[in-house]
Amino acid sequence: MVALETDTASNTSTSVGIPNADGMVEEETTRLTGTQQFVTFAIGAEEYAVDIMQVREIQAWTEVTILPNQPHYMRGVLNLRGIIVPIFDLRRRFDQGDTEATSIHVVVIIAVGDRIIGILVDRVSDILTIDGSEIRAVPDLDDSGESEHIIGLVTAGERMVALLDTGSLFRHEIISSSLDAVEEPFAQQG
Amino acid sequence: MDEYEQFKTTYFAECAELLGDVEVQLSSLSDGSQDPEVLHAIFRAVHSIKAGAGAFKFTQLAAFSHEFEALLDRMRDGRIAVTEQGVNLLFKASDILSAMIEAAESKTQQSEDFGKEILDEISLIVTGKLAPSQTIKNSDDNQDSQVNQESAPDEKLTYQITFAPKTQLFKHANEPLLIIRELKSLGDLTSIPILKNLPSLAKMDGEEAYLAWNFELISNVRLDEVEEVFEFVTEDCDLEIKTVSDNSEPEDEIIEKTSVATQSSDPANQTAKSPVTAAKVTSIRVDLERLDRLVNMVGELVITQSMLSQQTNDLPSEQFPHMVRGLEELALHTRELQESVMSIRMQPVKSVFSRMPRLVRELSAKLNKKVNLTTIGENTEVDKTVIEEISDPITHMIRNSLDHGLEGTEERIELGKPDTGNVTLSAEHRAGRIVITISDDGRGINRQAVMKRARERGLIAETATPSDDEIDNMIFAPGFSTAEKVTDVSGRGVGMDVVRRNIQALGGRVSIQSTPGKGSRFTMTLPLTLAVMDGMIVQAGGDKYVIPIPNIVESLRPAKSSLKRLPTGQSLVHIRGHYVPLCSLHRVFNINGAITDPAEALVVLVESEEFGTTGIVVDELIGQQQVVIKSLESNYKPVPGISAATILGNGKVAPILDIEAIYRISQQELRNSPVPDDSDHSDVSENVQDSLASKEAATLAAQNAEIPTPSIG
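Going down the list, the sequences are from chains A and B. Going left to right, the first sequence walks through residues 30 to 219 as the working numbering numbers them. Going left to right, the second sequence walks through residues 12 to 724 as the working numbering numbers them.
Bound conformation, chain B alone:
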């Protein structure tokens, strides 16, 4: 049953979205939102999950979501008050729901009593036997009748149903068979197909709906449960449901629903419909794989286009005016096409941000701190490849802010601060990148403690006097944690360095600003996409390499007099009063035939959080270009110093440099085989001795105690 499987896949995709919605709504509920639409939205989501679960016979899931839904139903019409415990219960229930969906998707068997505790609790609240959340004494008839019906399930009713699907029903990917199956699961079902509209085979249009059915359902379920079966198709069919009570007491309750007259008596039901109708006009669901293929193809097109323009660069425009103009337009259109294709994959960071209130809620309870989280700019869009990667770093930094940054409630009161701590998570676009900041109004970084720890760990030299900013950023050093005691909240000191490394692996940067007593702010900048990048193409010994533009500060051809050397063999270039370490690409990569004298070569100054500024020595610059990032590791092992590769206009592969790894390799080579000091300017070492050694170099210095490395402050 391939089609069946396909429906299932769609269902699970929908579930994931619905659970995300539930999460968002629950968060706003826990923030004390009084908007009735919040509960309606949760109800609708759970209801949709339930409907699918029923259709696909995930009995456990269906049973649980049914109870969940019943609870929500009573909450939204006020029969059960929305208390804090109530919201907590909803949170737990949504966890179980998501675990059950996961199990159903992976086809793993869950124990019969999984989530039973919560289920029981819900059932007790729903039936009014348990009232920790103060059931409102609201003895309206509706409740009574419902209770009556629930307590008297033996009463069998006969429903007469006429169901005539319209063509749209199929277009909206509904399947009458599934509906009939679900109907059948409710009781004894007799179905009589109405064939009067069925044309002869020759005239038949495969996409039209010709069939209709008369059903007779004998069941003890309530009318609304029968209606529920058709909930998703009411607008796409002609439907009539009549109730004929079995005990010869004919109720003349006739509910007629047509696509024209959707005068549903239930206002909640009506609101449930409207967003769906709006959504189907404005967006479509596309398989991710197809989208990726499109993005890849456009990437290839960009490469071909750059090849064409490279080949025809020297074409005299007066001789081939049309050709030259055509190529210019092609370049323009390709760029535009690429941008619009990339924009398809752009998603708001909301999907990540929406998980954070939950995290803060749980953590603040665990840490016994009062925390208020504000999110700003959640509609800022980035490529989905980036979205997938930013969740962990953000989670980690928020944990850090809560655990280390914010003071406890008493401490805050003593300090004269409001007892509730504030954490702000924000996102914005800046200069073609996304900037995410996480700020808190906590105690800021304890610089004495950081310095002490850094010295203990040998991360900095005893004599070094780093600036405040530099001390703050030491928390990103490997194996650093100032927490007095190890907590299970923010890990065991492997935290921030991993965060930094992961962000750097994405071509991003992270830093921290802190004011003691006032708070600290993490700033993380990332490229908008991991699929394309602006790169500078450089050449060394006949080979071409790409340096990511965001890393590049400037490039220069150094004067011979500005080149210095440390006794360790480390070359330096003196620029505007600063000494910048150099590393030669040809030496790191063992490239033959490259220019070895830096005075004749070109220095590209690159910057990174890890080691500050350094100069990469290459033969020459070829030019700047947008490059499509290709993974090297899909078919080969990782290569040190190379983060990925791209394909140039000539069809050749060009490695994209990982400048931090290159710096590390060059430092390592210096240690292993120091270049003999053959020059006369060893005096520089004094000048740089007291400037802050970067962390990486400092670590080396601690191990080796002989390489002072400068960096631009």
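Only chain A is shown next, with the shape it has when bound in the complex:
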């Protein structure tokens, strides 16, 4: 229930399972030399990540208001301190079944361009600090078109984490001219 504000990636307190980012000062300095920080979260065994600068806050799942005739992965809208925010179910978006959302599920509120959206995931796991050179390209295997929403892959220990391109993932739902301006800071590094 406790909202965790990360407006600037500086105050990452622990409340929903994010380990304290002890390298805050380090982050400021290493950013200059090409390292990036990502918030990683999981659906079942699969791990995904978004740029920490995109993340506005993380909160536990609460009941949303359903909007009529929307795609099944659009769960509804939430009142985020007076702003109405659409919530997307990442599991459904990737056609991996349904999430029986409960209060232990987590909504990650992120900014995509000038839009604020929430994505429903099972849990938030980590903050990952990686160098741009560690990002691997996605192997071009399937032609489902879904891999285009993944910017790159990184390895964290034994795990593989997919870096999400949230702008392209929900392009149809949040069409806005500002999307053109969505930065892809790692694109040129990857």
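Treat the hints as calculated values from the structure; they're not laboratory data. Note that the structure is a prediction, hence the values are computed from the model and not measured. Warning: the hint list may mix true and false statements.
[What the hints assert, rightly or not] What follows is a set of in silico ranges between Cβ atoms, one per label pair, in the way DEER data are often shown:
#, chain 1, residue 1, chain 2, residue 2, range
1, A, Asp127, B, Gln322, 29 to 39 Å
2, B, Leu348, A, Ala74, 49 to 59 Å
3, B, Glu329, A, Gly111, 28 to 38 Å
4, B, Glu25, A, Met189, 56 to 66 Å
5, B, Gly469, A, Asp124, 24 to 34 Å
6, A, Gly111, B, Gly89, 56 to 66 Å
7, A, Glu129, B, Glu340, 25 to 35 Å
8, B, Asn324, A, Met189, 45 to 55 Å
9, B, Met334, A, Gly111, 23 to 33 Å
10, B, Gln321, A, Arg165, 30 to 40 Å
11, B, Glu16, A, Ile133, 48 to 58 Å
12, A, Asp124, B, Ser572, 47 to 57 Å
13, B, Glu439, A, Ile133, 51 to 61 Å
[What the hints assert, rightly or not] Now the stretches of chain A that chain B is said to cover, found in silico as 3 or more residues with beta-carbon under 8 Å:
#, region
14, 96–103
15, 176–190
No residue lacks a Cβ here, since even glycine has one placed at the ideal position from N, Cα and C.
Once you've looked at the hints, dock chain B against the given chain A.
Then chain B, alone, in the frame of chain A:
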């Protein structure tokens, strides 16, 4: 230079206001106003623009406004007569001025000779070389001396200036540095600061004015141009300007100006000061963003308050008397607070109305019709969000009245009408809404032509016999235009339907009344604000929705016997002799768990210009409440059937229904998958066959030729 940028922003904001004033004054001038104050007012506005332009080094703007001002100056003291051509020239000049300001604001480079034609024309008139507007032969000394000075710019003068700002000068957001810079631009400037009042650093108050200056300016400019530099600060400083002529001919012209003795010799100058002094006491300028934040916060407060009262509704008042009373007071105060905050954003519609005389002027010239525009109630106030939106519809409807409504001059004379057509634009408050009417005394709507066109376009069935009123309102149908030829004045027949749609999007309505030969009248009603709304909260299958109260006619629980069905599957309810189509919210929105039998559910009768009356079937009514309108589209794509959303007392989002879209969806669903007719009352279709099909349904009927839809007449 952040501060500098900030000054600039303020300057441009002021320019916009000043240009608005100029427009208003020019209009009254073109109406033949003889009031000298009109020209003074224009002069002051242009002068203020010029002063700022000089300070910010917008050279082109400054040069142009200088000439403009010179022309106005000569007009106001009668050296140049105010003729019609003259007024036209002023109009053109104000256009160029506004284009230049725009360019300066957006930092776009304009070509060197932008507006040169007008500039040249002005210069010629000012210097008396061109006299299309009959320069009055008024050989008073003043003019001669001025001409002399202008023709002999080589004569250098030395000015000795003492300038001591007072504290108010800073409080009124003036900056001595800018003044000194401007002074410097006039010629060779030597400045000696006077430091005698400067206290030690420890005793210094940051907001006090301690410095003063002695300047010596050697320049060929006239005394009044030097004075102009200080024009805006004369009351906030001690100022002394002495002229020492260079050719050893000391003029003892000493002008002394202090804040106490503002005995300006120029009466125009004095009038220029008085409104400014009055204004600074009664109003302040507030950044719009701050105001919006305040409005938003109060909106949140209203939501919190309604949550509190909802949670404590069942509190026994005998046990918690203070608490209950406190909550009641809180509700009262919140409502009052909200009203007063909203009233801050209220603006008179004058800002929109004032643009219309200009429009009428230009159009009547183009159409070669004589038109007299009367505006009534321009001080009627609405929220700024509404003001921004009403300008286009009004413009469009006035164009329409002029182009289609009013007859040509000869035709009017033949008809025995006065040759000048009348258009009246008025605004008033009525029942918590603003009503804007645009009426003309033209030919009215040609109903035969409308019917013919409507049939051609398939907008109504061949057999339909609509009432006069209904025919008149067909001009709002999509793709409708009866103009014999397409003119560039009122568009290509995409006009009135767009007007209606835009007004409806604002929660407003528009309709037309017309009397053939006598004229027609557009009536447009709009909510006073787009920030809050009175809504009825309804429930369907566990979800709550808001229906805008202005749409609601009544709600009822229909008797089973009053429910009918058409062969198409369209459900109807029979109320007081009328058949009203029903659409079930749960079907349109695919809501699970809602009551499906209309006989057990509740019908909310809603009304709209587009389709008349229809009944929305919901589970139950929760209650009426003022809701804060929140945009859904700031973070998501538009959702059909939902215009916006609000936040209820429990913190949950509730969609606000767009009833017209809901009706359209339900019609579409009927077409796509007609519900099989399982009932025994298909005979109703005969009854409704000949009643007027609404436009929307009629359009569908034209495409589909099988859904006759009734509406309450």
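Against the structure, the hints come out as follows:
1. A/Asp127 <-> B/Gln322: 29 to 39 Å: About 33 Å separates the Cβ atoms of A/Asp127 and B/Gln322, which means 29 to 39 Å holds.
2. B/Leu348 <-> A/Ala74: 49 to 59 Å: Between B/Leu348 and A/Ala74, where Cβ atoms are some 53 Å apart, the hint holds.
3. B/Glu329 <-> A/Gly111: 28 to 38 Å: Given a distance of about 36 Å, which is inside 28 to 38 Å, the answer is holds.
4. B/Glu25 <-> A/Met189: 56 to 66 Å: holds (60 Å)
5. B/Gly469 <-> A/Asp124: 24 to 34 Å: Given about 44 Å between the Cβ atoms, the range is violated.
6. A/Gly111 <-> B/Gly89: 56 to 66 Å: With Cβ atoms ~59 Å apart, the hint holds.
7. A/Glu129 <-> B/Glu340: 25 to 35 Å: violated (45 Å)
8. B/Asn324 <-> A/Met189: 45 to 55 Å: Taking Cβ atoms as reference, B/Asn324 and A/Met189 lie about 54 Å apart, which means the hint holds.
9. B/Met334 <-> A/Gly111: 23 to 33 Å: holds (26 Å)
10. B/Gln321 <-> A/Arg165: 30 to 40 Å: violated (53 Å)
11. B/Glu16 <-> A/Ile133: 48 to 58 Å: holds (50 Å)
12. A/Asp124 <-> B/Ser572: 47 to 57 Å: Holds: the Cβ-Cβ distance is about 49 Å, inside 47 to 57 Å.
13. B/Glu439 <-> A/Ile133: 51 to 61 Å: holds (58 Å)
14. 96–103: Answer holds; 4 residues pass the 8 Å Cβ test.
15. 176–190: violated (count 0)
Hints 5, 7, 10 and 15 from the list above are not met by this structure, while the remaining hints are.
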